[in-house]
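So the sequence lines, in the order shown, correspond to chains G and C.
Counting in the working numbering, the first sequence runs from 305 upward without gaps.
Counting in the working numbering, the second sequence runs from 305 upward without gaps.
A few of these clues could be false.
Derived lysine to any residue pairs resembling SDA-like cross-links, with alpha carbons at most 20 Å apart [stated by the list, open to error]:
hint: 1; chain 1: G; residue 1: K308; chain 2: C; residue 2: D381
hint: 2; chain 1: G; residue 1: K450; chain 2: C; residue 2: L620
hint: 3; chain 1: G; residue 1: K498; chain 2: C; residue 2: S404
hint: 4; chain 1: C; residue 1: K354; chain 2: C; residue 2: D403
hint: 5; chain 1: C; residue 1: K308; chain 2: G; residue 2: E318
hint: 6; chain 1: C; residue 1: K450; chain 2: G; residue 2: Y452
hint: 7; chain 1: G; residue 1: K308; chain 2: C; residue 2: N306
Some chain C residues well away from chain G (every beta-carbon gap over 10 Å; in silico) [unchecked claim]:
hint: 8; residue: A314
hint: 9; residue: E340
hint: 10; residue: D497
hint: 11; residue: N528
Ranges between beta-carbon positions, derived for each pair [unchecked claim]:
hint: 12; chain 1: G; residue 1: R453; chain 2: C; residue 2: Q461; range: 30 to 38 Å
hint: 13; chain 1: G; residue 1: D405; chain 2: C; residue 2: G603; range: 38 to 46 Å
hint: 14; chain 1: G; residue 1: E318; chain 2: C; residue 2: D572; range: 49 to 57 Å
hint: 15; chain 1: G; residue 1: G603; chain 2: C; residue 2: P619; range: 48 to 56 Å
hint: 16; chain 1: C; residue 1: E601; chain 2: G; residue 2: E318; range: 52 to 60 Å
hint: 17; chain 1: C; residue 1: D405; chain 2: G; residue 2: G460; range: 52 to 60 Å
hint: 18; chain 1: G; residue 1: T504; chain 2: C; residue 2: S380; range: 31 to 39 Å
hint: 19; chain 1: C; residue 1: G603; chain 2: G; residue 2: A319; range: 56 to 64 Å
hint: 20; chain 1: C; residue 1: M305; chain 2: G; residue 2: R598; range: 34 to 42 Å
hint: 21; chain 1: C; residue 1: G460; chain 2: G; residue 2: Y531; range: 52 to 60 Å
hint: 22; chain 1: C; residue 1: R527; chain 2: G; residue 2: P455; range: 46 to 54 Å
hint: 23; chain 1: G; residue 1: P455; chain 2: C; residue 2: G460; range: 23 to 31 Å
hint: 24; chain 1: C; residue 1: N564; chain 2: G; residue 2: N454; range: 24 to 32 Å
These are calculated hints, taken from the structure and not from any lab test.
A virtual CB, placed ideally from N, CA and C, is assigned to each residue, including glycine.
Number of protein chains: 2
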Amino acid sequence: MNSKKGRQTAELGEAVYIKAHAAVVGAKEGEGPLSEDFDMIVSDDKMGQKSWDLAEGAFQKTALEIALKKANLQASDMDYVLSGDLQNQCTATHYGLRDSDIPFLGLYGACSTMIESLSLGAVLISSGLAQNTLCLTSSHFCSAEKQYRNPIEYGGQRTPTAQWTVTGSGAAVLSKSGEGARITHITTGKILDKGVTDITNMGAAMAPAAVDTLSAHFRETGRNPDYYDLILTGDLGIVGSELLKDLMKREGFNIDNNHNDCGKMIYDIEGQDVHAGASGCGCCATVLCGHILREMEKGTYKRILVAATGALMNPLTVLQGESIPAISHAVAIEI
Amino acid sequence: MNSKKGRQTAELGEAVYIKAHAAVVGAKEGEGPLSEDFDMIVSDDKMGQKSWDLAEGAFQKTALEIALKKANLQASDMDYVLSGDLQNQCTATHYGLRDSDIPFLGLYGACSTMIESLSLGAVLISSGLAQNTLCLTSSHFCSAEKQYRNPIEYGGQRTPTAQWTVTGSGAAVLSKSGEGARITHITTGKILDKGVTDITNMGAAMAPAAVDTLSAHFRETGRNPDYYDLILTGDLGIVGSELLKDLMKREGFNIDNNHNDCGKMIYDIEGQDVHAGASGCGCCATVLCGHILREMEKGTYKRILVAATGALMNPLTVLQGESIPAISHAVAIEI
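Based on the sequences and whatever the hints tell you, model everything.
Now the structure itself:
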């Protein structure tokens, strides 16, 4: 029986297995410390397409195809595909998946999208309305940079708090049947706006949302942070992760020993000159669907809590002087 | 018991009632033929805000508040709110709902958003994970026009196939308990791209998606179009509606007698000079949550099928020469 635990957390009564997962990344990500765990490293960040925008869609399409192959399933076996991305009107997703022939549910959760996708993909299975769902998302450094910041060719200087948008896509096939890693709990975030206005410091804008969602998860499930072998955030980077750990202590939860952040993991931060770390929908997606789920299969982790965070502004609202609302969604994955 | 009927249609085993609904519109919509059915008509399209972008969010916030009041429920009674809009990164939604304090799931379905929201809001209830969900969306003529087309002040000429974006927001409270109108079936669309590249003819771009989803619904449920008192599309307008009816006949389904389109209903098309009709996420949302659900309560309709359609491009992809992918999601509502 599915049941609600408090306001934000849902406990899934029916088993929802992660049947397969895949991560496809660009050249820079392929040179980072997790390179061995990605299913494909693409040297041409344009993926043979005529624009970065279409290239990002091609990353999604490729991740979807590899995930299906690893699950030994066809597109026709998928009841729903759930995805979204950072491009205006989520066009990477729509162009990338326009030939997929799978009932599609479009999401916008900024960099929290991978976990929103896993959350709703899991709900559809646990509700009895799906046997299999495909959950994915992507980001692309070049399509994000030109849309949110400056033209690439301009070579704008980056601030020390800036994060590098991951080029890549991660995809997971969820299934009613299977073995191994299961999604057991979903904690859905609220929109939170703490008044941060610095668009070059996303970690600070998003950390309070992660604090809110993680605290809700611990309160509502009655679990301590120690229950989990790993508490993984999406892309808070170095600045946001420090804020998170401090703010969590004020809420009465110490996560110093078992916290890590995808934004701190995918690049060699000093060697690859990425300032405060990595970001983008593809950051949590590729680190989770590449590295972390493999580590679970190896037995490194048995219980993890993954909270991705998204900054919900756009460049126009920031120019208009608005602060940056944020959100964080979490799922618990256990073997 | 929830069950899947074929590939795209889900039959909800648990009752999901539309407990309350509200529609808030701008001045032009308030001068149209449905004016008596809206909960609020706002003479200031800026809603007292400093930008059209924020004004659109204020429309959502107001529609949400009125819907809650009519349901005699508080924000704290809502398990989830599901919304999205047409602004880049869905900022109308994020700024409009940032104080709502309800677990939030962000959607992007372009003008199909209202039905995507009702679909997932209903699934969350029928899965046992929610007692109440709030489903809404909005659009705003001015925020859409400047983002997708030309600055308002430029006064660009409109083509005969162009549609007028509705200024307004529609909201519905779905609930496990209640009486009257219920969501019984959900038919989820696939992304479809038939190669249309004319950004001023959205009806033509979106009609094939509606054909695909409506045909799937009839095939998978075994129902004839005659089963429904009304088959309502979201915003195909005059051009798209004619295409729809023709294309449906080729699929073997005659909907000439019971089809209508929200884009043909909200304005006095000739008198208000809106060319091929209305469009925007707010079109289906306000016509459904204002007019149609009231008519169901009056007994005019007992069984309706509502299919909203969304065009999934952005202005950049069109400039890059890409065609326009589209999607259509449908829900069956019965008393």
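Distance restraint evaluation - D405(G), G603(C), Cβ atoms, bounds 38 to 46 Å: holds (40 Å)
Can the suggested window of 56 to 64 Å be confirmed for the beta-carbon pair G603(C) and A319(G)? violated (44 Å)
Is 48 to 56 Å a correct range for the gap between the Cβ atoms of G603(G) and P619(C)? holds (49 Å)
For the pair supplied as a hint, K308(G) and D381(C), is the alpha-carbon distance within the 20 Å limit? Roughly 13 Å between the alpha carbons, so the hint for K308(G) and D381(C) holds.
Exclusion check [D497(C) not at the chain G interface, CB over 10 Å]: violated (5 Å)
Hey, K450(G) versus L620(C), does the alpha-carbon distance stay inside 20 Å? holds (12 Å)
Given a hint of 24 to 32 Å, does the C-beta separation of N564(C) and N454(G) actually sit inside it? Taking Cβ atoms as reference, N564(C) and N454(G) lie about 48 Å apart, which means the hint is violated.
Indicate whether the distance between the beta carbons of R527(C) and P455(G) respects the range 46 to 54 Å. holds (53 Å)
Just to be careful, I want the Cα atoms of K450(C) and Y452(G) compared with a cutoff of 20 Å; is the pair within it? Roughly 18 Å between the alpha carbons, so the hint for K450(C) and Y452(G) holds.
For the range 49 to 57 Å, tell me whether the beta carbons of E318(G) and D572(C) fit it or not. holds (51 Å)
Could you check the hint for me, namely that D405(C) and G460(G) are 52 to 60 Å apart, CB to CB? violated (37 Å)
Given pair status - S404(C), K498(G), alpha carbons within 20 Å: holds (14 Å)
Hints 8, 10, 16, 17, 19 and 24 from the list above are not met by this structure, while the remaining hints are.
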